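Engineer: Here is how the chains run, residue by residue.
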Amino acid sequence: MRATRAQSRSYSTVLKTMLLPAGYSVERWSYTLQRVTGVVVTLYFVLHVVETGNFIGGPGVWYVPSKDFAASYYEQVKELLHNPIFDAGLVIIGWMVAFHTINGLRLTLAHFGITLGKPTRVDPESPPRSFSNYQRAIFWASIALATFAAVYSVDALFGVLSG
Amino acid sequence: MKTVRFSVYRFDPSSDKKERYATYEVPYKTGMTVLDGLLYIKERLDHTLAIRYSCRMGICGSCGMTVNGLPRLACYTQVKEVGWSLKVEPLRNHPHVRDLVTNFDEFFKKHKSVKPWLVRTDSREQESPTSQYLQSDAELEKYIQFSYCISCGLCYSACPVVSSLPEFPGPQALALLYRYLADSRDQSRSERLKIVDEAVGIWRCHFAGSCSQVCPKGVDPALAIQLLRREMMRG
Amino acid sequence: MREKNVMLLHYLSGVGILIFGGIHLFTVFFTRPLGETVWETTLLFEGHQFAILEVYRNMLLASSLWFLLLFTTFHGLNGLRVILIELFPNRAVRSATRYVLLFLGFALMVYGTRTIVIAHMIR
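Residue numbers (the numbering used here), protein chains in the order written: chain A, 1 to 163; chain B, 1001 to 1235; chain C, 2001 to 2123.
Hint data in this document are derived by calculation from the structure and do not stem from the laboratory. One thing to keep in mind: the hints can contain errors.
[As the list claims (entries may be wrong)] Straight-line Cα separation of at most 25 Å, DSS-like style, residue types lysine-lysine; simulated pairs: (1) Lys1142/B <-> Lys2004/C; (2) Lys2004/C <-> Lys1017/B; (3) Lys16/A <-> Lys1017/B; (4) Lys2004/C <-> Lys1112/B; (5) Lys2004/C <-> Lys1110/B; (6) Lys16/A <-> Lys1087/B; (7) Lys2004/C <-> Lys1109/B; (8) Lys1142/B <-> Lys118/A; (9) Lys2004/C <-> Lys1087/B.
[What the hints assert, rightly or not] Sample of chain A residues facing chain C (criterion: CB under 7 Å; computed from the structure): (10) Leu47; (11) Val49; (12) Lys67.
In this text, all values refer to a predicted model and were calculated from it rather than measured experimentally. We treat Cβ as the ideally placed atom computed from N, Cα and C, and that holds for glycine.
So that you can see chain A by itself, here it is in the shape it has in the complex (with noise of 0.2 Å):
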């Protein structure tokens, strides 16, 4: 008889793990938005470095153009770029963006033992130290300013709000 079966480790379950934390607290979910805005922003800036390089004339260009000749390439490039989709898709970039700072700057403080509680004699009523309010008022303010960044991109992309 085998003695044990080593738990499969497939990658439904390691991404269930990672993307589907039912059941668990904020800071949980906080980890899985972390990633998932992380790696879209990642994949925004590299798109955003071959987008800007248009500024110049499009990735042939290795030399010092003339103004006429860069003007007319971005023109082009920003009637392509310019349409409610992406629109869309950089209101949203605007939101994780957001959240992404602040909740970063929360793990930062985090990983320097910063607002998290003091270790103390154990009490189990009460939730752990490491949930400190300074810690879940930092989250929930991530959330708030992302929600106000995505409104304000709205706005500075569609124009809808303030006329």
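Take the given structure of chain A and dock chains B and C to it, following the hints.
Structural biologist: Here is chains B and C on its own, set in the frame of chain A:
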């Protein structure tokens, strides 16, 4: 009479190819724990059910299992606080032996790797002690919380990093490392700080906090790991 | 490099992104008059105080963009490395991802630096 429905993970490697879930109806008694229900099943309904337990009072840390999706100690969990329909599975991230029993070899190996004991350099004093080691209240409170760990493996089972990266030391080992690092009697700070400073060491903790959420003893491993990171950053 | 120093750089680059990304977002988003979209004001080629060409011509803003590029490249690719370490515990895959990400980071830096330097010189 009220009954509780137990849906229990069953797997016997000598006869089964695949796990299955067996359902049992257990009469409810006031104050019944999940372990009480499982023992009722083993005594009256199905003798083949394999479970591991010992003290029945949350001290030995043997009866960890996944109840309705979260790792819990079966003896420490009232049926009433979970619900009238229970899904009982073995702990995640530990290899399964049979039914609800899991193998802790890897877990204890990682525990041992952080040297969970006090290291002293004054060997002459150790052989013929001349005094006691006095600690102030403040020195005690730096580590006393983390010394309540009973090695039940619940935090290890809840940790999202262990599930994806099996070599990760896990919350229990890292918390215990901090417990001995923070102890004023310990004299091996620099060696301890080197143990987990690797690509698959402490830096893979992302403070998801699940370990502290499920700990039945209030140890708060997530706090210990963050404080350990601070110590490692200081060097 | 020791993992400790890599993660320290991860935190520092995060703070750096906060500063230089803040400047970047300020020039693009917060300088437009209320009621107009960024497409009509700051994302013009020129003709606004913070239009594309004006930003790159300004030495301070252009170098802040370069630091933003540097920090974001490191921070983003190191974040990907951390996730890939956890997803693929295999050692061979780990060292392969390291080289792939180093190459990707190098390529991003070269291409982005080209954009900033050339845009700075357009007259």
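Engineer: Next, verify each hint and record whether it holds.
Structural biologist: Taking the hints in turn, this is what the structure says about them:
Restraint check: the Cα-Cα separation between lysine 1142/B and lysine 2004/C comes to about 24 Å, which is no more than 25 Å; the hinted pair holds. The suggested pairing of lysine 2004/C with lysine 1017/B is violated, with an alpha-carbon distance near 44 Å, which exceeds 25 Å. Only pairs whose Cα atoms come within 25 Å are accepted, and lysine 16/A paired with lysine 1017/B is accepted, the gap being roughly 24 Å. For the hint linking lysine 2004/C to lysine 1112/B, the alpha-carbon distance of about 23 Å falls within 25 Å, and the restraint holds.
For the suggested pair lysine 2004/C and lysine 1110/B, the alpha carbons sit about 20 Å apart, so the restraint of at most 25 Å is met. Between lysine 16/A and lysine 1087/B, the direct Cα distance comes to roughly 18 Å. Compliance with the 25 Å bound is thereby established for this hinted pair. About 24 Å separates the Cα atoms of lysine 2004/C and lysine 1109/B, which keeps this hinted pair within 25 Å; it holds. Of the supplied pair hints, the one linking lysine 1142/B and lysine 118/A holds, its CA atoms being roughly 8 Å apart against a limit of 25 Å.
Annotation: proposed proximity of lysine 2004/C to lysine 1087/B is violated, straight-line Cα distance about 41 Å (limit 25 Å). Hint status for leucine 47/A relative to chain C: violated, with the closest Cβ pair at about 11 Å, above 7 Å. For valine 49/A, the shortest C-beta to C-beta distance to chain C is roughly 5 Å, which falls under 7 Å, so the interface hint holds. Residue-level restraint check for lysine 67/A holds (minimum Cβ-Cβ distance to chain C is 6 Å; threshold 7 Å).
Hint compliance for this structure: hints 2, 9 and 10 are broken, all remaining hints hold.
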